[in-house]
Every structure is written in C-alpha cells, then in structure tokens.
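The sequence shown begins at 1 in our numbering and counts up one residue at a time.
In case anyone wonders, no lab produced these hints; they're calculated from the structure. Worth double-checking, as some hints may not be accurate.
Between beta-carbon pairs, the in silico distance windows are [what the hints assert, rightly or not]: (1) A20 <-> G44: 27 to 35 Å; (2) A78 <-> K107: 40 to 48 Å; (3) Y40 <-> E14: 38 to 46 Å; (4) Y40 <-> P154: 29 to 37 Å; (5) Y40 <-> P5: 36 to 44 Å; (6) I148 <-> I2: 34 to 42 Å; (7) P154 <-> G174: 38 to 46 Å; (8) P177 <-> K89: 13 to 21 Å.
Under the rule of at most 27 Å between Cα atoms (straight-line distance), these lysine-lysine pairs were calculated in the BS3-like manner [what the hints assert, rightly or not]: (9) K48 <-> K62; (10) K21 <-> K107; (11) K62 <-> K89; (12) K107 <-> K37; (13) K62 <-> K75; (14) K75 <-> K10; (15) K37 <-> K75; (16) K62 <-> K21; (17) K89 <-> K37; (18) K89 <-> K23; (19) K75 <-> K48; (20) K89 <-> K75; (21) K75 <-> K23; (22) K37 <-> K23; (23) K75 <-> K21; (24) K23 <-> K62; (25) K107 <-> K23; (26) K21 <-> K48; (27) K37 <-> K21.
Here the structure is a predicted model, which is why all the values come from computation and not from measurement. Heads up, the beta-carbon is just placed ideally off N, CA and C, and yes, glycines get one too.
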Amino acid sequence: MITLPPLPYKVSDEVMAKAAKVKLALFDVDGVLTDGKLHYSADGEQMKVFHALDGHGLKMLKSAGIDVGVISARKSLALQTRLDDLGIKHCYLGVSDKLSVFEQLLKQLDLSGEDCCFVGDDVIDLPVMTQCGLKFSVDNGHFIVRDIADWVSPLTGGQGAVRAICDVLLYSQGSYPLGITGTQ
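Input sequences plus hints: build the corresponding full structure.
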C-alpha cells in the first residue's frame with residue numbers, strides 16, 4: 001500500500017471542500033494545456049506542444065470518475081488529435097460563446113454549475129468560470145482571471161499546471177488512482 005505524501009502546494013480547506021464536489025472538470029486550451037504560444041509551420045499548419053504530466057492527470061481524473069471536457073476558442077487538428085489520444089469526449093473547439101456551450105453541456109449531463117470546475121487563463125474564460133462551483137487559473141494567466149480564481153496553480157500553462165489542478169481534485173476526493181498504465 002502506498003501512502004500519498006501531502007500536496008506540495010498550499011491549498012485552502014475551502015478550495016479542497018469545493019474540489020470534493022466536482023463531477024465535471026472543464027479546461028481551456030491555449031495558455032492552460034499549452035504555454036499559450038501559437039506555432040505555425042511554413043505551410044500554415046498550427047502546431048501545439050502539450051505536457052505529458054497534464055495528459056496523465058486528465059486520464060487519472062477520468063479513471064477516478066470525474067468527467068473531463070475542453071471548451072476552446074481555437075480549433076486545430078493537433079488539438080483534436082491530442083484530445084482523441086486522451087479519450088476526452090466533451091470537446092468543443094472553435095467556440096466563440098463558451099457560456100452557451102457550457103450551459104448546453106450542463107443540461108446534457110444533468111449537472112449544475114456547482115458540480116463543475118473550469119480552468120482558464122484569459123478573460124474569454126470568465127463567463128464560464130463565474131458559473132462554476134470552483135474556478136482555477138494558471139500562474140501565467142491574465143491578472144483578472146487569476147484574481148477571481150479560487151486557486152491558481154503555481155505552475156504555468158503547458159508546464160504541468162493542469163496536473164497540479166488534477167492532483168488537487170483527486171486528493172480532495174480521496175480518489176488518487178495509483179497503478180494506472182498507458183501512454184500519457
């Protein structure tokens with residue numbers, strides 16, 4: 001039996017209590033799952049870089065029974081490929097009105113905003129974040145978004161911030177799955 005060490009970051013009891021109620025974890029992409037930089041090849045193809053720790057964190061959420069989704073203003077083949085690799089079924093890409101998509105998803109899954117968390121880094125994410133029971137941001141997020149977040153990951157987007165958030169959710173629910181195998 002493995003005993004988990006304490007989380008290496010300061011997380012308030014209030015945030016842990018909110019995290020314990022999360023049934024659906026939603027994420028922005030650029031600046032959250034990536035470092036926010038936009039890379040284009042010579043032929044105009046968009047490229048993205050993802051962190052394996054973040055991907056494994058998302059898989060662990062799913063394994064622990066926390067549903068996972070993405071709502072992003074951008075759409076790219078690289079992103080869709082990564083989300084497919086991770087088995088994320090709630091993928092909304094190229095969305096300009098994130099709040100409408102969020103409201104439709106809540107109806108579809110028969111959830112309330114209190115059952116959800118959203119991880120955002122820029123002001124386009126605020127309409128959804130403010131409707132969620134728990135609001136997360138990343139260390140390199142816009143100052144307004146960081147200010148309204150319940151907890152800001154001490155790591156930056158694309159550099160393990162999502163994994164830190166996944167760890168908070170998993171620890172709060174006592175469902176950290178050890179022994180998961182597979183690609184990240």
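Hints versus structure:
Restraint check, A20 to G44: a C-beta distance of roughly 45 Å breaks the suggested window 27 to 35 Å. Between A78 and K107 the beta carbons are some 30 Å apart, a value that contradicts the proposed interval 40 to 48 Å. Checked against the given bound of 38 to 46 Å, the beta carbons of Y40 and E14, roughly 42 Å apart, stay inside it. Take Y40 and P154: their Cβ atoms lie about 30 Å apart, and the range 29 to 37 Å holds.
The hinted window of 36 to 44 Å between Y40 and P5 holds, with their beta carbons roughly 41 Å apart. In this structure, I148 and I2 meet the distance hint of 34 to 42 Å, their C-beta atoms being roughly 36 Å apart. Under the hint 38 to 46 Å, the C-beta atoms of P154 and G174, about 23 Å apart, miss the expected range. For P177 and K89, the Cβ-Cβ distance of about 19 Å falls inside the hinted range of 13 to 21 Å, so the restraint holds.
Distance restraint check for K48 and K62: the Cα-Cα separation of roughly 23 Å lies within the 27 Å cut-off, and the hinted pair is therefore satisfied. Between K21 and K107, the direct Cα distance comes to roughly 18 Å. Compliance with the 27 Å bound is thereby established for this hinted pair. With a CA separation close to 11 Å, the supplied pair K62 and K89 stays within the 27 Å bound. Note on K107 and K37: the hinted pairing is violated, with a Cα-Cα distance of about 33 Å set against a maximum of 27 Å.
Distance hint between K62 and K75 is fulfilled; the C-alpha atoms sit about 23 Å from each other, no more than 27 Å. Our distance criterion of 27 Å between C-alpha atoms is broken by K75 and K10, whose separation comes to about 34 Å. Restraint check: the Cα-Cα separation between K37 and K75 comes to about 14 Å, which is no more than 27 Å; the hinted pair holds. This hinted pair checks out: K62 and K21 have alpha carbons roughly 15 Å apart, not beyond 27 Å.
Distance hint between K89 and K37 is fulfilled; the C-alpha atoms sit about 25 Å from each other, no more than 27 Å. Between K89 and K23, the direct Cα distance comes to roughly 15 Å. Compliance with the 27 Å bound is thereby established for this hinted pair. Under the criterion of a C-alpha separation no larger than 27 Å, the hint pairing K75 with K48 is consistent with the structure, at around 11 Å. With a C-alpha separation of about 15 Å, the suggested pairing of K89 with K75 holds against the 27 Å cut-off.
Simply put, K75 and K23 have alpha-carbon atoms about 25 Å apart, close enough for the 27 Å limit, and the pair holds. Pair hint K37 plus K23 does not hold up; C-alpha atoms about 30 Å apart against a cutoff of 27 Å. Distance restraint check for K75 and K21: the Cα-Cα separation of roughly 30 Å exceeds the 27 Å cut-off, and the hinted pair is therefore not satisfied. For the hint pairing K23 with K62, the CA-to-CA distance comes to about 10 Å; that is within 27 Å, so the pair holds.
Between K107 and K23 the CA atoms are separated by roughly 14 Å; this keeps the pair inside 27 Å, and the hint holds. With a C-alpha separation of about 32 Å, the suggested pairing of K21 with K48 is violated against the 27 Å cut-off. A hinted pair counts as satisfied when its Cα atoms are at most 27 Å apart, and K37 with K21 does not qualify at roughly 33 Å.
Consistency note: the structure conflicts with the earlier hints numbered 1, 2, 7, 12, 14, 22, 23, 26, 27.
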